[in-house]
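Residue numbers (this note's numbering), protein chains in the order written: chain S, 1 to 238; chain P, 1 to 299.
The hints are simulated quantities; they were obtained by calculation from the structure and are not laboratory data.
Where hints are given, some of them may not hold.
Quick partial rundown of chain P residues pointing at chain S, CB under 10 angstroms, derived from the structure [claimed, not checked]:
(1) Ala3
(2) Leu4
(3) Arg6
(4) Glu11
(5) Gln14
The C-beta atom is built at its ideal place from N, Cα and C for all residues, glycine as well.
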Amino acid sequence: MSDLKEKFFQVRELTKIYKMGEVEVHALRGVNLELYAGELVVLLGPSGSGKSTLLDIMGGLDTATGGFVSYRGKELTNATDKEFTQYRRFHVGFVFQFYNLISSLTARENVSVVTEIAEKPMVPEKALDLVGLSERLNHFPAQLSGGEQQRVAIARAISKNPAVLLCDEPTGALDSQTGVVVLQALERINRELGTATAIITHNVDIAGMADRVIHLSNGKIAEVTVNKVKKSASELQW
Amino acid sequence: MKALTRKLWRELWQMKGRVFAITLVVTSGVATFIMFISTVHSLEFTRTKFCHDYNFADVFVNLKRAPENLKDKIKDINGVNQLETRVCAQAKLDIKGFAESVTGKIISIPDDGKLLLNRLYIRKGRLPEPFRDDEVVINETFAQAHNLNPSDQFAAVINGKWKKLTITGIALSPEDILLMKAGAMSPDFKRYGALWMTRKAISKAYDMDGAFNDVVLTLYPGAKLSDVIIDNILGRYGGLKKKGSILAEDVGKGLKNAGDEIEKFGKKFLLSECLECDSCQMHQLCFLTFTFPEVTQQI
Chain S
1 MSDLKEKFFQ VRELTKIYKM GEVEVHALRG VNLELYAGEL VVLLGPSGSG KSTLLDIMGG
61 LDTATGGFVS YRGKELTNAT DKEFTQYRRF HVGFVFQFYN LISSLTAREN VSVVTEIAEK
121 PMVPEKALDL VGLSERLNHF PAQLSGGEQQ RVAIARAISK NPAVLLCDEP TGALDSQTGV
181 VVLQALERIN RELGTATAII THNVDIAGMA DRVIHLSNGK IAEVTVNKVK KSASELQW
Chain P
1 MKALTRKLWR ELWQMKGRVF AITLVVTSGV ATFIMFISTV HSLEFTRTKF CHDYNFADVF
61 VNLKRAPENL KDKIKDINGV NQLETRVCAQ AKLDIKGFAE SVTGKIISIP DDGKLLLNRL
121 YIRKGRLPEP FRDDEVVINE TFAQAHNLNP SDQFAAVING KWKKLTITGI ALSPEDILLM
181 KAGAMSPDFK RYGALWMTRK AISKAYDMDG AFNDVVLTLY PGAKLSDVII DNILGRYGGL
241 KKKGSILAED VGKGLKNAGD EIEKFGKKFL LSECLECDSC QMHQLCFLTF TFPEVTQQI
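Using the sequences and the accompanying hints, generate a full structural model.
This is how it looks when you write it as structure tokens:
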């Protein structure tokens, strides 16, 4: 499968060291991986294993200390701030554990914030429909449940039609039932839009819905497993 | 409307109370600032106009005594425009109902009442009659401090003689806007005032017939000012060794000659602070008004 699909990300010997005074924290210790178009990858690992750091570097939110990262053949490790901004704005969608919605804007308006500056956006209503919130367009975040707020955040991330969707613990703040609904939304987007999706989680049960599961431990990739039979998000429970 | 614009307006509306308060504070600050600036401009304009309209002098000269015919020689000095000789004196005043010591600075006005420089603005009443030696005009702040009005009377000890004076008018002068006694830190309108009498009356009282002890003059625009006077003239006569006498150099030379001439009369001639009138330095004037008498005593 991997050989046929476009290689979106190529990561080679990626290292990241955080300096805290005289103490050096090695968050990544030589990571190598690829992410292909349209695939759904779960990055699995305990807290402190380097998952978020890896995703931040791939998403252009942070820079590596060493190694090499390229997106569709273009090297990110030496990109300028302007190039990073363009990259984040037009190619990558982010979903975080906390929804970061603007409380004074409705669900539709929160999505509009992105569609107004994106190159080829979908209409906000369509994005919200994809996450099952077509009935909640004019609700403010305070009027939505946690799961609904996270789905608004997903709609906002996908409304610019990104090639890649990076999700950092998208169900971390949700109960299992609501988490499944959110994962269903991600699954649908991956399936219908073909958006390459990387989901960070420490929840082993979520790994079942991935094409590949990348296990991180202590800043390194410990294991990569391929799910021969993917589970549907609705089958997941924890 | 863009989403972020909508966010802005919505959030402003949500905190409308605070926004209103902040707007009110800022508006008040700006309004106060504008008011102060306007007041300052207005005061400056008024001051300049008052000085101009009432012909405020550029140079003030105080001396012991000089013959009146010296006036023409001073007038001939290059750079001097208008000139007026005066007789000025200090007198103790006896104000009814006020037990403390009051000092009056008496300034002469020409007998015909037509002051050339430092003209008076009569707020109430009139100027003294030319033939009356017991009529005075007093400055407004002094009048207000003692609730004096035209036709009121008070006594003065002029050159050792007790004399009853009648107020004929209340006036403002560009020379005495903020009148302060020598050595005072602030004006004391109750204890120090300015009085204007006819030249004839004050000359008679102080034995100044045909003489003067005070000169005020204006300079032609562009006359160069320097501080040579004190050193060149007063220094020679043991006057004040201080900087501050500023006159056109040629005016200074001329006055130096005049000073020599005065010396021939056996008198000491004192030049003190001079003012550049391009901006009418009123505040310096009050300094002058209390400096001169003291200076005179030191000579």
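Outcome of the hint check:
Look at Ala3/P: its Cβ gets to within about 4 angstroms of chain S, closer than 10 angstroms, so that hint holds up. Here the hint on Leu4/P is kept, as its CB sits about 6 angstroms from the closest CB of chain S, short of 10 angstroms. Look at Arg6/P: its Cβ gets to within about 6 angstroms of chain S, closer than 10 angstroms, so that hint holds up. Proximity of Glu11/P to chain S holds as hinted, the smallest CB-CB distance being about 5 angstroms (cut-off 10 angstroms).
Because the closest C-beta pair between Gln14/P and chain S is about 7 angstroms apart, less than 10 angstroms, the hint holds.
The structure agrees with every numbered hint stated previously.
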